[in-house]
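Protein chains in written order, with the working numbering: chain H, 2 to 379; chain P, 2 to 379; chain U, 2 to 379; chain L, 2 to 379.
To be clear, the hints were calculated from the coordinates, so they are not data collected in a lab. Check the hints yourself; a few may be wrong.
For chains that are exact copies, the list does not tell them apart, and a pair is met inside one copy or across any two.
Unchecked claim - Okay, derived cross-link-like pairs now, DSS-like style, lysine-lysine, Cα gap no bigger than 27 Å in a straight line:
(1) Lys281 / Lys323
(2) Lys277 / Lys368
(3) Lys49 / Lys200
(4) Lys51 / Lys65
(5) Lys326 / Lys277
(6) Lys277 / Lys323
(7) Lys59 / Lys200
(8) Lys281 / Lys53
(9) Lys195 / Lys53
(10) Lys208 / Lys281
(11) Lys53 / Lys200
(12) Lys274 / Lys326
4 protein chains.
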Amino acid sequence: MKNTFGSNIQYTLFGESHGEAIGIVIDGLPAGIALDLDLMERQMEKRKAKGKISTQRKEADQVKIISGYFNGHTSGTPLTILIENTNVRSQDYARTQMLLRPSHADYSAHVKYRGFEDYRGGGHFSGRLTAPIVAAGSIAMQILQQLGVQIATHIEKLHDLEDVRFGQTIEEVETQIAYLQDRSFPTLDETCGKAMIEKIEACAKQKDSVGGILESAAIHVPAGLGEPFFDSIESILAHLLFSIPAVKGVSFGSGFDFANLYGSEANDAFALKEGKIVTKSNHNGGINGGITNGMPIHLHTVIKATPSIYQEQDSVDLQSGKEAKLTIKGRHDPAILHRAAVVVDSMIAIGLLEALCQQEAGLALIKQMSSNERGMIV
Amino acid sequence: MKNTFGSNIQYTLFGESHGEAIGIVIDGLPAGIALDLDLMERQMEKRKAKGKISTQRKEADQVKIISGYFNGHTSGTPLTILIENTNVRSQDYARTQMLLRPSHADYSAHVKYRGFEDYRGGGHFSGRLTAPIVAAGSIAMQILQQLGVQIATHIEKLHDLEDVRFGQTIEEVETQIAYLQDRSFPTLDETCGKAMIEKIEACAKQKDSVGGILESAAIHVPAGLGEPFFDSIESILAHLLFSIPAVKGVSFGSGFDFANLYGSEANDAFALKEGKIVTKSNHNGGINGGITNGMPIHLHTVIKATPSIYQEQDSVDLQSGKEAKLTIKGRHDPAILHRAAVVVDSMIAIGLLEALCQQEAGLALIKQMSSNERGMIV
Amino acid sequence: MKNTFGSNIQYTLFGESHGEAIGIVIDGLPAGIALDLDLMERQMEKRKAKGKISTQRKEADQVKIISGYFNGHTSGTPLTILIENTNVRSQDYARTQMLLRPSHADYSAHVKYRGFEDYRGGGHFSGRLTAPIVAAGSIAMQILQQLGVQIATHIEKLHDLEDVRFGQTIEEVETQIAYLQDRSFPTLDETCGKAMIEKIEACAKQKDSVGGILESAAIHVPAGLGEPFFDSIESILAHLLFSIPAVKGVSFGSGFDFANLYGSEANDAFALKEGKIVTKSNHNGGINGGITNGMPIHLHTVIKATPSIYQEQDSVDLQSGKEAKLTIKGRHDPAILHRAAVVVDSMIAIGLLEALCQQEAGLALIKQMSSNERGMIV
Amino acid sequence: MKNTFGSNIQYTLFGESHGEAIGIVIDGLPAGIALDLDLMERQMEKRKAKGKISTQRKEADQVKIISGYFNGHTSGTPLTILIENTNVRSQDYARTQMLLRPSHADYSAHVKYRGFEDYRGGGHFSGRLTAPIVAAGSIAMQILQQLGVQIATHIEKLHDLEDVRFGQTIEEVETQIAYLQDRSFPTLDETCGKAMIEKIEACAKQKDSVGGILESAAIHVPAGLGEPFFDSIESILAHLLFSIPAVKGVSFGSGFDFANLYGSEANDAFALKEGKIVTKSNHNGGINGGITNGMPIHLHTVIKATPSIYQEQDSVDLQSGKEAKLTIKGRHDPAILHRAAVVVDSMIAIGLLEALCQQEAGLALIKQMSSNERGMIV
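Pulled out of the complex, with its shape left as it was, chain H reads as follows (with noise of 0.2 Å):
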């Protein structure tokens, strides 16, 4: 499928970062949805580079809907966004163009495309392509927030600073992600957001950059969703958030530290709570073979340290074919974290509507046929 994710929405992602435009054709909408252009705003926002932690490139990222949109609400036709790249300086990618920037696709791009790629700024592997993630990301979290679904990514691990973890039930993670709505940067601790964000300012000093781990939490997930093969709900969500660029890994709830403990402590026993099945602890991270069982999903994402450092490292010249030292130019991020953390969030956001929507479908067929004789026990 490639470029495209999803078979009851389909999200098709388009654009290079310093070609014309990038874009999202999003296809599948029912029609009729009146989009809050607020939050597609405030989820934009959220992204944007800022200050002295994020790269010095600043882009509008202005979002124009250019068709499946008509008189404020979905027309049911695929729906277009594009963004139009303003603040390009190819000129800074002219020169290390032959010089393989380590870390960076450049090489494996390089072999994949045989020397057509475009390498300007990262072409479609740059992180700029997920400004359209985030903009269809923003609807699939409105809809999801009108089932009353809940989204929320905080940084975990920056280094070596952790900030404080969401909590096992429903209502503690209700009430920080309520916290983190109004965050500038997103930490549960203020005190610790404030220490991470001079490290970050220490390491762009350095010339360097600083990696860690984002957490994140969805509550009021409705149990059923996802399918034992080969689409389970960890299937989906990590399909998508290893497609974001820097992630190296995705774990859910207790994650790896399932390798310290035995099976009488892993286990997350059955429990009633006001008359609703629940389980008294949550390592498997609202998730049971595959299947969201209505706890709070939690999951972790490691983020590497932005590959573009400014200090001088080795490298191979594809030109002369001979190893050579690189000194990157142009602007880049010392930490990409704070950035990620609402890129993750539409990810889950597209991966749990397409679960939902999987189910519904069924469902709907059943409804109309009513011959649901022997009907949920639960």
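With the hints as your guide, set chains P, U and L onto chain H.
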């Protein structure tokens, strides 16, 4: 796509643990492949329950190919693999069907399928469904092996016991993969392997179970595989790996350790080695920008402890609608890491072959057109 | 997608005429459908070879459901249907395998699969593959029937013999569909049917075969199904119908007669009938702009004469590489129109259900959102 | 898949007739293709409204490539084509929006999109959407041409006027296709073409419109393309052709005339011609068993008369809910056959390229494996 994975070669999985048969349809295999049935049998053997460290339900897992195979070769039409369920003792499950097993899919499946799920032995959620995946994976593996690709997985960590890790260079990994071929228990360090076996046996005695981490490596994978969006190699592999029951996290290269690394530490500098472009370190696990770069692919899969333990657990009885105590009967694995290793190998093979076909299709076209006037620089 | 069709409910077809079994995996059926196995058997019966007007190879076509079906209901996981091949006389084919049968797939399959094709009895190209399609189609049909949809097909034309045509209004078609239920030979006019049977028998005596046109109607199909691009209802149905062996043309409503009509003649004026919007004529066969409009769907499928005739034919011998004379052995149908009618019905059911699910998924979502403030005008 | 077609190369269509722009995203094009923009312009020119036989809405149809194209070559990432709508007079539609236009999608779209559809000028259902299809098709055409494939379409029949038909041999068709290249009006017989033009002009004067049949041929298509189920070449091409507005029937080779032929007449005997296997006749239009056989592909597409006529018609007013008279305003085509020919060519190119990629992917793999020990017999 639910139970179907893949675009070039498609795998459709079906069956339930206690039904008549499980199986898989593989569509898109080129005609004329002389199947290596010995390799298939060896792979199936690795997955089988053996000794005291596995369940006492021993299945013959006799693979029958009922279509798409003619005169010892693939015929080009869908190849269907059938594995009958023989050693079925469903009565063990009759008693517990209404008591939700913690950390199993019982509850989430019950909500999803509204009471109509086949609850016997996990039904379609059962680990038994990985048997046809291993059979199918062995075909993908055979094709990749003929192209020079090698894949192997060992137990990196079982609770507090840690095995030696895969090396950073192709040469090191090649030796390690060769070593693993003859191991009945998949560790690189034999002593560590023995300790792990003892730990599993001890767990079994405690009516408990244990989890851990698998590390996989793939070498001689051509550079240039994967797509920037949304089908990065990481996305494809994670999608497949997260549909293996019990997998809760997947990471590539340095994985979650990236959180602790500055860009200056994490970047993999480029260098020349015998005229070939390589990276000096391999934090990125052979993948840059979602695309393979020719270095060894390294990935980690965390497997939670088997949820079926024999200790009494808190649960809810769907029939009475009340909380109740559950003691699981039946035959279960105290650990599945050693059996899961070949399942992970199979998924990796399926994923890499998919990405390879994707890339080859385009190349085949361009070669026919012979319009590649610029050509590759590398 | 090759042997898999459908996005909401997916059908994966496998098997060869003289292999061990043929079958189909149906994925995406909602859980809880009490399968109407009588309907399935009746549909299978309609497809069976009977009397002198069909092949003498009589197959039991015993349908076995080996997964996805539990306690008399669909379980929500892939439902697999298996039909064993029992009455196989492959030796009839051994002699002719290298002699290309005119208008069969022998040559094109040989090129496609480079000599590795299963040539026995048409292999995967055999009309036998329509047996699992009818079984699967009966499930789609059952669902549609419960929603009120009715579908039927009769022989519109067999050589120079022409049956009565389906009426233009829902009421007329309803009566005709009811009439067709009990027919052993699918014509609306019994006398015409008898003449057709005689013609087929005469053909058989002449060692020849005969073709014709099937006309199908579907009523009570909800308006609004289909997509403008690329999944118009016509696209979906034609896609399915053209994969039935021997189909060489598909048309809707007035079909190829549209060439003779001016716009003023061909347009279907809108009118009100008991408060409902209808069209006064139905040249468009219930489809406007690729979307159903609530009027009866009318479609025509031309079926070429069975290529297996017993007269000597010119051919090429692949073994010698020379021209040669071919006299076909084996057991073949002098006409397949009467057996193909239920296959066409099955494909229509599969196609309409797919479009219905597509539409329902969106509606279900929008209903949940209850944001449909404008609402439908009609 | 809705507005996306294709698996190897994917086309995602978007836009509305009176929106800001229409366009298409093409994903999966191999990198390094030097686009033939002249061919694209020539194809676009063929589709344009010209003279008195077409609508008076003249659109510049300026094609802008905004991504996936770098330094004169495809870059391997999604290629996006944008065509702005410039000559928009939506006020013509304001008045009729609530009056259903007969045989248009007004009513079916209204039900489908529940009143939220963009009704201006047909919206997403407009024939304007075929402009990006022609642009995309010209790229597919260019690739096929470089591989030797030639495709052309002429007006076989316009009401009672019938053109000369395509010949049965590759040589005859080759000459005819060459002849058609320079025609401003697509007929094989110039006199017949003039008569058709007069007929269209006469229709326009009568405020009426006229339909007809297009015949297409494709030669030098490699044998072996297409899949038995469900993606026969006929299925793929029909799927695409039936999404062109106004197409109501598609047939291959002798098409609906097969109904009048006995097997002994309809079968295409095999023979050798200069050492190559050919068929003596070509009733099957170059396709056996859904797979190309190397003979010319012949297909027929019936195009209904344009539903927009200037005569008063019976209709229903959605606003009042009452029957009403409708007189269509705006600028419309009295016939679209001459403009549709290049759209049909484009769809055929898209479909054949898809099938070719499918086949090449498998071949590329098997060649790499060099395990093809039996090899092709032919």
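Going down the list of hints, with the structure as the test:
In this assembly of identical chains, lysine 281 and lysine 323 lie within 27 Å of each other by CA distance solely across copies; the values are 15 Å between and 60 Å within a copy. For the homomeric pair lysine 277 and lysine 368, the shortest alpha-carbon distances inside one copy (23 Å) and between copies (25 Å) are both at most 27 Å. For the homomeric pair lysine 49 and lysine 200, the shortest alpha-carbon distance inside one copy (19 Å) is at most 27 Å, but the shortest distance between copies (50 Å) is not. Proximity of lysine 51 to lysine 65 under the C-alpha cut-off of 27 Å is restricted to the intra-copy arrangement: shortest distance 22 Å within a copy versus 33 Å between copies.
In this assembly of identical chains, lysine 326 and lysine 277 lie within 27 Å of each other by CA distance solely across copies; the values are 17 Å between and 62 Å within a copy. Taking the shortest alpha-carbon separations for lysine 277 and lysine 323, only the inter-copy value of 10 Å comes in at or below 27 Å, while the best intra-copy value is 66 Å. With identical chains, the CA atoms of lysine 59 and lysine 200 are at most 27 Å apart within one copy only, with a shortest distance of 22 Å there and 56 Å across copies. Taking CA atoms no more than 27 Å apart as the test, lysine 281 paired with lysine 53 passes in neither setting, with 43 Å inside one copy and 31 Å between copies.
For the homomeric pair lysine 195 and lysine 53, the shortest alpha-carbon distance inside one copy (13 Å) is at most 27 Å, but the shortest distance between copies (53 Å) is not. For the homomeric pair lysine 208 and lysine 281, the shortest alpha-carbon distance between copies (21 Å) is at most 27 Å, but the shortest distance inside one copy (47 Å) is not. In the homo-oligomer, the alpha carbons of lysine 53 and lysine 200 lie at most 27 Å apart inside one protomer (11 Å), although the nearest pairing across protomers, at 51 Å, exceeds that limit. Only between protomers do lysine 274 and lysine 326 lie at most 27 Å apart by alpha-carbon distance; the minimum there is 16 Å, versus 62 Å within a single protomer.
Hint check: a violation occurs at hint 8 only; the rest are consistent with the structure.
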